[in-house]
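**Q** Given chain A, work out where chain B should sit, using these hints.
Here are the chains, one letter per residue:
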Amino acid sequence: MYKITRSPWVMHYDGSSCNGCDIEVLACLTPVYDAERFGIINTGDPMQADILLVTGGINTQNAPVVKQLYDQMADPKVVVAVGVCACTGGVFKDCYNILGGADQVIPVDVYVPGCAARPQAIIDGIVKGIGVFQERLEKMEKGESLTEDKEKKAEETAESEDK
Amino acid sequence: MISGKLISAICYVLFAPLIGGLIDGIGRKISARMQRRVGPPLLQPFYDLGKLLHKDPIHVAPSQNFFMMSYLFFIVMTGGMMFLGMDILMCMFVLSTAVMFLYFAAVVTGSHYSSIGASRELLQMVAYEPCVLLTCIAFYMVRGSFETAEIIKGDISPIVYLPGVFVAFIFILTIKMRKSPFDISTSHHPNQEIVKGITSEIGSRNFGIYTLAEWYETVFLLGMVALFIINSNPWSILAAVVVIALVYFLEILIDNTSARVKSDVMIKVSWAVTLVAAGFNILVLIYFLG
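Protein chains in written order, with this note's numbering: chain A, 1 to 163; chain B, 1 to 290.
The shape of chain A in the complex, shown without the other chains:
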């Protein structure tokens, strides 16, 4: 089995964030935190990315954009929601245009809370995401379908909302 865990390429999408989390995402790449030592690269291209980092809540305007970015990524792929807005909608939750967290439009695998999320937490979230990533790859190589996994995830999020 091929170990894919050493090379997670990250694509960062800023929903309707206040830019606090975005600054922290960029801080991960600076000499202080140096995310590249784990092979993490910030790529701008969904077609080559493995992990989608979403910051900020999802509103009616950016929902189709997030959906399209997710669809353009090749399997296996992982979504990490960074910051409380991307997790639940945060302080903007009740705004008329906000749908909620990133899980309203795409299946989210890892939630990184915080306002703003600290760089250590973000890197930890990505590293957790890598575990999911490896699991998906193993499933894919065995010929199992990944869509079931996603549907299950979607059901789970729906259930948690009901509660």
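Derived by calculation from the structure, the hints in this document are not laboratory data. Here the structure is a predicted model, which is why all the values come from computation and not from measurement. Honestly, I wouldn't trust all of these hints.
To be verified - One side only, chain B facing chain A, incomplete, derived with CB under 7 Å:
#, residue
1, D48
2, Q192
3, G203
Ideal placement from N, C-alpha and C gives every residue a C-beta, glycine not left out.
**A** Chain B alone, transformed into the frame defined by chain A:
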């Protein structure tokens, strides 16, 4: 009977990805240290390639697969021809053909970003092609042959006659290796001005093929640098390795200390350097060699 040339060409096809990947890894490590970062592991480029090849293959247009395979094939052919000791001018023509396939792989997608990247790739060709041709001509003037097998046979290294051409070639090497300030067609990792330029619409697996082709090309280009140094003395190969290491370090230094320029500046500067350094050098050669 298998000749030495054939063995060197087979070695190129088999080992150039290993050497190219390792050079890439060393480059990333040095780059990180220049920025006071720890940097990725030395073998990071191989991890990246392995992952890219294991992902689900996606392509925007089916013809992209053909174009990318052709790109890889012609790059390998370019280097193979050089290590076979064949005509260096021919190698450069095959290299241009390879770049055309990369251009097509980008424009068939219809994406604006990859189209802009593709047209910039053509501008890059316009910028470096005169110097490449002058380099080939200069080798011919010194050695009386375009064939690499003949070029490496003289008693004195070509760089003694061609210091200006060497400077111009190192200059355009920055364009060819896609290093800042001339990485205008791919727009490298942190600065995503046109997303990823010519490689924007290239899916994971095809991007792996692209990476592999880049490694072959790096080894070919550094082989061109070696042609300036190698002579009939076997120790000159060691000297060539040292010069290659210095040249590569210089490229990384330039990459880390300069911001990307506009395409018209790139063409003006590279043509100026080509004309002044290589052109003047060749005029002097004509005067002395007749």
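**Q** Hint by hint, note whether the structure agrees.
**A** To see whether the hints hold, each was checked on the structure:
For D48/B, the interface hint holds, since its Cβ comes within 7 Å of a Cβ in chain A; the closest pair sits about 5 Å apart. Contact between Q192/B and chain A, as hinted, is supported at the beta carbon level, the nearest pair being about 3 Å apart and thus within 7 Å. Taking 7 Å as the C-beta cut-off, the interface hint given for G203/B holds, the closest approach to chain A being about 5 Å.
When each numbered hint is compared with the structure, no violation occurs for any of them.
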